[in-house]
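Residue strings, one per chain:
2 protein chains.
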Amino acid sequence: MTVNPVQLSYENQDFNEQLDHLLAWDSVSDEEVQHRVKHIIAQVRARGDEALIEFTHRFDRLSVSSMKELTLGEDQLQKALETIPQEQRQALEVAASRIRSYHERQVQSSWTYEEEDGTLLGQQVLPMDRVGLYVPGGKASYPSSVLMNAIPAHVAGVKEIIMVVPTPDGVVNDMVLAAAAVAGVKKVFTVGGAQAVAALAYGTETVPGVDKIVGPGNIYVATAKREVFGQVGIDMIAGPSEIMVVCDGRTDPDWIAMDLFSQAEHDEDAQAILVSPDKAFLDQVQESMRRLLPEMERKKIIAESVNNRGIMIHVPDMKAACEVTNRIAPEHLELSVEDPKALLADIRHAGAIFMGRYTAEALGDYCAGPNHVLPTSGTARFSSPLGVYDFQKRSSLIHFSPEGASEMGKVASVLARGESLTAHARSAEYRIKK
Amino acid sequence: MTVNPVQLSYENQDFNEQLDHLLAWDSVSDEEVQHRVKHIIAQVRARGDEALIEFTHRFDRLSVSSMKELTLGEDQLQKALETIPQEQRQALEVAASRIRSYHERQVQSSWTYEEEDGTLLGQQVLPMDRVGLYVPGGKASYPSSVLMNAIPAHVAGVKEIIMVVPTPDGVVNDMVLAAAAVAGVKKVFTVGGAQAVAALAYGTETVPGVDKIVGPGNIYVATAKREVFGQVGIDMIAGPSEIMVVCDGRTDPDWIAMDLFSQAEHDEDAQAILVSPDKAFLDQVQESMRRLLPEMERKKIIAESVNNRGIMIHVPDMKAACEVTNRIAPEHLELSVEDPKALLADIRHAGAIFMGRYTAEALGDYCAGPNHVLPTSGTARFSSPLGVYDFQKRSSLIHFSPEGASEMGKVASVLARGESLTAHARSAEYRIKK
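Chains as they are written, first to last, in our numbering: chain A, 1 to 434; chain B, 1 to 434.
Just so you know, the hints here were simulated from the structure itself, not pulled from any lab data. Certain hints may be false.
Copies of the same chain are indistinguishable here, so a pair counts whether it falls within one copy or spans any two.
To be verified - Calculated lysine-lysine pairs in the BS3-like style (CA-CA distance at most 27 Å, straight line):
| hint | residue 1 | residue 2 |
| --- | --- | --- |
| 1 | Lys341 | Lys433 |
| 2 | Lys159 | Lys341 |
| 3 | Lys79 | Lys410 |
| 4 | Lys410 | Lys341 |
| 5 | Lys299 | Lys410 |
| 6 | Lys319 | Lys159 |
| 7 | Lys68 | Lys159 |
| 8 | Lys186 | Lys68 |
Only a predicted model underlies this, so the values are computations on that prediction, with no experimental measurement involved.
Build the full structure now, drawing on both the sequences and the hints.
Have a look at this one:
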């Protein structure tokens, strides 16, 4: 098995074109999938629990006669927590406590201010009432993802977090349920796919309709989330995961190789990029990758990812490395250098920045504290890690004093008449003092 | 011309079903429109300026030979500002200054904290690099909308704000350009429609590609924004505008009638709702509406809006009024009562809350300070007014000390192995001290 990432040099004349080509990613938008998803949503919307039970029978091969059999309460989550090995339970609890402590710093508060004439302006910040958390079943079922999605909602003050997780053929992942218990989830429905998203968006007799749906899922889940957007809020639809490592050439090449592998092992479309001003170091890392690959459990996935989408970029200096970083706006950025703080001022776009040789991305994936749900495919240019702010929403507050309303009525009247909106103008003019 | 909003009583047995039925709004998703928009985007993406000039000729009937003729610079915006009547210029400047002062309180800052072992965690908050602002041409061309969209971006620190506004048949709206000058916009392209959105999303030889596109537009613009989402960020796709007035029955019924009209005059689909525990007051407001309608410039639109979508709701008390409010989650909420602060604690969902008899919604539309771009169609349950936060984005910061990495490496290792992600585990384990 070979490991051959593409080699690029910043000084090539067509470097930018080559890079754009290698980064390009178009998410598949299959009309057949869309059609099926629309049908499933319409059925669940029209027939509620009945349709949900039918689809769960068809897709997850579960024969149940009522939603009760597809419902798990606090007791069962707590039981799962007591079932898993002590070491795993402790790790989940340490991770949850660190994630909670970090996210508590993101809570935003209401604010108001008063003007001289007594007019009050401000913004009220409140949590959403009820949020749905989608957790995939089967091979991509990650307990860490339950913590990362549920804890910010909990910290925001969301009262009800409704989790859905499919259990195909009745297979339950105890560590996922244990994570739900640790994260403060109280209610789980063992349904999945587009039918679960539809149930959360529109509500059924048993599943309460939510205000926002978050969490990863396959193409059916992603398509369903897009479809119900507007009825409820949704989080970003994620593309394949990426890591970009900027290294000065003085970190152990085995460490860097493994950091790149940790991204590549997610799936064949994952993208691992290494940038260094040290050409010899790039070769050393490639050598480490060759040597380490045979030891890896997921070596087939890693090799495919590195060979199809992996990139090694030689840059003249760290300034160029920062420029390339901003162009890529990577989901994960490792600054594996002596003084990462010095580089930080030049980095404008990245989902999460892992600073220094000791800060492996894997630490951030599980237990550093910050969220591992991050903007992919260059969207860090305009979007942010999942956070408490994604579960709070704001209302503007305006309370004019009679004096303030009179003064501003004059201004509003001029502008409204300038826009030919005369009912606006007259409504404002009623408040002008005679 | 009659004015007949639907009358509802909270105490009807099927009140919730009736209300849901009256609130229902499905945005038209026309396949023909989608098809045309996809073609336009593909053309602009492939052929840049050439395609942009062609479509502008076809849709706006402008014959130009180069993009230079479709470009306005600072000088021309400044000239527009000097052209408009002094009274309008002053009103724009007062409004802009109040909007700026309110939005400055929304700026979020980077933060970090250090743990005992020297590990640093935090979040870097930065403005987006470049933002596109869509401004409609023709009848729905609102200078206030330029202020409300551009000022938050400017306050966030966005360096380049690129505005596009179509000028069909060469008709330029000086007040819109003047508003752009006041709001700190430096560059305008006189293009519109899906072609303008495509140019902003992908860039052309002349139009620089942006990171996010905001601003209202017709069905082609909305469809194009949905289509380019992912390549760039977008703001919410707005539904028809709504107002809900909760009144104790002691505000002048003419004032309330005009407040409802100010919403209804936007378009036939706009929705105006009045809620009161005073049945006689509902009748008085209807009487005022009948009397005032003939005086209104846009009486035809107002009558259609009120007759098709207007609602008057009789409630037993203010508690029920708040419950109805939370169910509707209105874009604009007027609390036209003696002590609006007392009600505030029970209001969870509304885009903007206008408190007291003097605070007409129209004041907030222009110059109170808060944004007039607000979540419509019940989306205030999970989304917020446009704000500075929509033009800032965050990167997580993680800098482990060797000690911290060693401790957390152990936790990450357990969790990664629990998820069968062994490259993650080994990457973390390299950082554990022997």
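Exercise for review: Check each numbered hint from earlier against the structure, then list the numbers of those it violates in ascending order.
Suggested key: none
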